[in-house]
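Taken in order, these protein sequences are the chains called A and B.
Under the numbering used here, the first residue of the first sequence carries the number 764, and numbering increases by one thereafter.
Under the numbering used here, the first residue of the second sequence carries the number 13, and numbering increases by one thereafter.
Just so you know, the hints here were simulated from the structure itself, not pulled from any lab data.
If a hint is listed, it holds; no wrong ones were tucked in.
Straight line, CA to CA, 27 Å or less: simulated BS3-like cross-link-like pairs of lysine-lysine:
| # | chain 1 | residue 1 | chain 2 | residue 2 |
| --- | --- | --- | --- | --- |
| 1 | B | 89 | B | 56 |
| 2 | B | 425 | A | 1062 |
| 3 | A | 1073 | B | 436 |
| 4 | A | 828 | B | 425 |
| 5 | B | 220 | B | 31 |
Treat the numbers as computed from the prediction; the structure is a model and nothing was measured.
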Amino acid sequence: MDDKLIVSVSPHIRVKDTTRSIMRDVLIALVPALIAAVIFFGFRSLLLCAVCMASCIFFEWAFEKVCKKPNTIGDLTAAVTGMILAFNLPSTIALWQAIFGCLVAIVVVKQLFGGLGYNFANPAATARVVMLIAFSGSMTTWTAPNFVDGVSTSTPLVSLKEGALDPSISMLQLFVGGVGGSLGEISSLAILIGGIYLLVRKVITWHTPVAFIGTAFVLSLAKGGFDFALAQILAGSIFLGAFFMATDYVTTPSTKWGRIIFGVGCGLITCLIRFYGNYPEGVSFAILFMNILTPYISKWTATKPLGGVKA
Amino acid sequence: MAIRLLQGIHVPHRKNTSKCVPVRMPAPEKVMIPVSMHIGAPAKPVVKAGDEVKVGQLIAEASGFVSSPVYASVSGKVKKIEDILLFHGGTCPAVIIESDGEQALYEGIAAPKVTDKNEFLEAVRNSGVVGLGGAGFPTAVKLNTEPGKVDFVCINGAECEPYITTDTRTMLDDTEYLVKGIELLNEYVMPKKVLIGIENNKPECISKLKKHCSHINNVEVRHLPSIYPQGGEKVLIYSMTGRIVSEGKLPIDAGCIVINTTTLAAIAKYIETGMPLTEKYVTVDGSAVKNPQNVIAPIGTAIKDVVEFTGGFAEVPKKIVMGGPMMGIAVPDIEYPVLKNTNSLLCLDAKEALLPPTTACIKCGRCVDHCPLKLMPTSIETAYNKKSPEELKELKVNLCMECGCCAFVCPAKRPLVQVHKLSKAMLNQYNAEQRAAEKAKEEKKQKEDKANG
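Isolated chain B, as found in the complex (with noise of 0.2 Å):
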């Protein structure tokens, strides 16, 4: 079967440190752990100011079906838990542990007992991972199927974002694990196929899994197009399958499941050893870095510190991106700590910090051309620009995946990303007041059906 491809952009590769194997930092005099470093409901502190703890000691727990716990990345003294504003805008309490340098393990680890299905989504919750790939949803709800209705997992090794080599790594160095959690997958979850979708940019990657890969029968490393977005949900099911995941629904509506390779290696790593999710690799690059190389880094380490230790700035940074140059984050300040999900800290330097002016939009329709999913941001944007929540509602924005694709082509440079961003909260509102209305109107004729019957 053949698949068309989807369309997308070709960017820049600059995976400069992908011949890097991860150096492991000495533990930061001072780590910072927000208990939200995922989607849901952020994890409840269990310890206390003046609290000792170890490496990999519960910090915080699990407060609902889709939340995860957090644990102690180095080991000394809690010195306080205080509320830190996240770059989403909210807030929640992060637990600022002063280190005492030891890096003593936490006695209480031990590989868990997976036997059964339910023994290993415990054991996945317990490891505290999320969507490392960036989205940062816990994993276990993810896995937690009814069993024969997954037909495929797909293994994300696209890594299509510039720079960033963490996934890279991963597969060349944790292939062990790798191939671990695919057994476990395939013990617990059933897939009838396991895909791994590795961009071709990456031979070595895909040679060293295929062979280690060869003894599972249902395993099939496949060569994705160095295309971006190749490593978006719905476009790598897409490429893979020929699936659509429809609007509202979810991968596994279509029999998908998607797993990124560094949070698999990471649950598998949990399972056979105990250890749960306490470091991360990080790629660190960027122009404005001296020495651009991959990091091991304790959770909770302030960017400055991951940075010094790599050999400090080569120029002043004047933006810091957390991910990658196109759906990555960037940080307004030094200071902020590499979290569960953080693959990247790219420091870029002031001229390529620097956005160029926006011009007016000429409609070439570079945008529309090069949508993977197909919509039409300059039409989004002159919606939103009459303020027409119904219009955006028939352009679909809500599908929309912010890859940044239409930004990064527009000629006039049009902030498009944030356009559709801000499109779809005005559609989320309309959505919210259709839904009161219709609720009150129903209300309304219920009464009156009372009060005449």
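Extracted from the complex, chain A is given alone in its bound form (with noise of 0.2 Å):
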């Protein structure tokens, strides 16, 4: 038996890329993010973290178990998923909340659909949705950062939605960190490392990020001119979505137009919603919105096989 060859379908040498070694680079990606929330909301941004992966872990574990699959949680999805969700959140909300958000995310939007591959939406956008709605008052309970006064604040983008950033912001401090805000809108600065981290690892391509930062920008320009476009696209969380949430490979286009059309759609849903409608933030919408037209710009940005002919 043991001299037995193995016979198996070209190709004999893979890359040695896995599942878990992208989604190790994606938690790399979110350590810088990760620091300047401890650096500026303090060792309970640490504590919401850790809840969210853990109970995330807990939950592929357990509806796996239950329901006799194969236990997957070595792939680090699910680990990816509760630190994307924790960064959604503010730095305050009741630990049960971020508990329950993380089964809606896990069980609900993932594992009811068919686990991994298989979801159409995002799960930690989804996550994050039915959290404000639900929870309306505490998502949107912004503690101030350390090192600045106050107790409470509300974020730049609220000031932003009344015509213009509130005075007391300079630019350096949207871009660095130091405003209200989710955990992983604080620091814009620190998405990026992360964000170009991803690009120069090849685990995203450049083609979602841009178009939706772009898309933003180029509107926000038109709509209120340079400094508005900088603070627009600084604050909130359009970076953290464009870096981190749009660029999911399973619940967005697998074509290079395809990325491209989703960056610009979540670009341009994120500010009709800022500029028209009634919250101030549109990122999580935008993103699950493109999601459900995943499929359809698939299909339309199709590649062209070199030599077909059209039947």
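Both chains come to you apart, so use the hints to assemble them.
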């Protein structure tokens, strides 16, 4: 038996990358933003992040156990969902509310649709939207970050909604960190560092982030000038959404042009909600809406086979 | 004219043996020569058990237009002719010859008379040469073209598969034959241009061929980027001429003929010396081999004998691949013979042989981003799982050349090439059923018309 040869279909060599290694890269890319969150919001943000990750992993394990499916927590996708969901929450949110969000993300959005690869909506974005509606109060109570006066504050998006950026906030603060918001919104710089890491590691391509941020910038430029546009893209969760959520493989198109269309759509809807909707922020809604269109975008942008003849 | 490069992948080159001049191994005790080592009708054995044969003697003749003769690779006695299982699943007779160790040449060997195109094609046919790059298509059939139809002859020296260096060695060691081959093609196939395509990881080959071909006006040596699958027929044609071979068409329909360097050198050798194809350069490499090197092996030699000649195995081989790691065929038995189109024996140890476990498709789109023919492997797999031949037809799975880029880059380690093979079979069956249904409908209509009329 031992000296039998293995026979398999070619190719006989493969790249080293696995789903697990890709997800590990995403977790590494999220670390700078986590550090920024700890600096500005204190250790509560670290606790929140740990709780979210632990509950997502637990829900995935428990669901698969109950359904007698193979255990997949080793692929780290649940950990990534937990971390990204935590980044979408204010640091002060009650832990049970966060755990409820994880339940929605993993069980309802991901596992009930067939698990990894089969969910059509981004688990973290959907959970955030559900929580925003279920817990409107605590989901929009923002504490001012450390080193800034005041106990509670509003996010710069609220003042932007009224027409212009609060003059007490500098552009540098928006970029580096120091204004109210969710964990992952605090520092566009930290998110950008993580995003560049993902680009360099070829985990994501430039198409979606550039299209998303670019569209939001251009539309804001047309509406309110350069300062307004810059503030629009730096405030809120556009960077987090563009680099980490709109690039989720499963729920976004797998063609290059599809990714560009997806990004443009996200930018457009985010701006429409920010400018004309009732909510100050629209990134999660935009991503969720574009998730629904993904199968059609993939179809429209299907690649043209070389030498293919129309039947 | 700038041609946009097709997508592909960067594979590890591992050309460990590119500096190894091929060493001729002594005749093995026994060779097993299948009569079907090419695409098309199997050759018909013309010897029987007990016959004495010599090197270069015909043992099986071509049995149709698309077929190729087979010659003895050792001198000795035909022991028996028995059916063997080929690794594509079918069976075919194989001539088993017990070697006398003399390697005496057949007396009938003499350079053929070649003065016109018909004699040239006849010689190519008699040489027993088939596509030695791996495809095994009888070369005489490919070269049988109408005058004036060939714009480009593309000589394939890309050798894009990792490990293999036999084309490299042909280009370096048999340069004269190669140049002679080009002259023959110019004389009898009359292309407007001859393009030699070599990946730029083989600078010695590029400079040597440039030097030796400088006296032929219409020859151009092209550097090609080392991106797998540069040596794929359609890819090579596109990279060098910008032409696209459409679905269901042959390269000649795009005015091109692609011929591998080793194939061309073998043809020239036959026309110069009368020596048909009886031996092959074979790269022996892989983690289970002690001394990776290039061997000149008689066709029909068992894999085991070739590896033993190089110094044997360093570790127990768990997988043996004929051809490169990207498209080669894993053989089930170490006693399998070296075939005409075998260019490499890759022996992998347990660590390399085991494929990583498959996980769920995460739709990352890497397969789409890397397919040289711009197919969508992830969608093809979905369509196959849905058992939808209509969708497979629309996705053009029939164009797939099974280069393996998609499966190579897949982080979820999906067996995409396997799925594509199965998808093609499903589509073929569907097409056949459609045709049969249409034919039945027509016949019925004709019958009704007859009845009415």
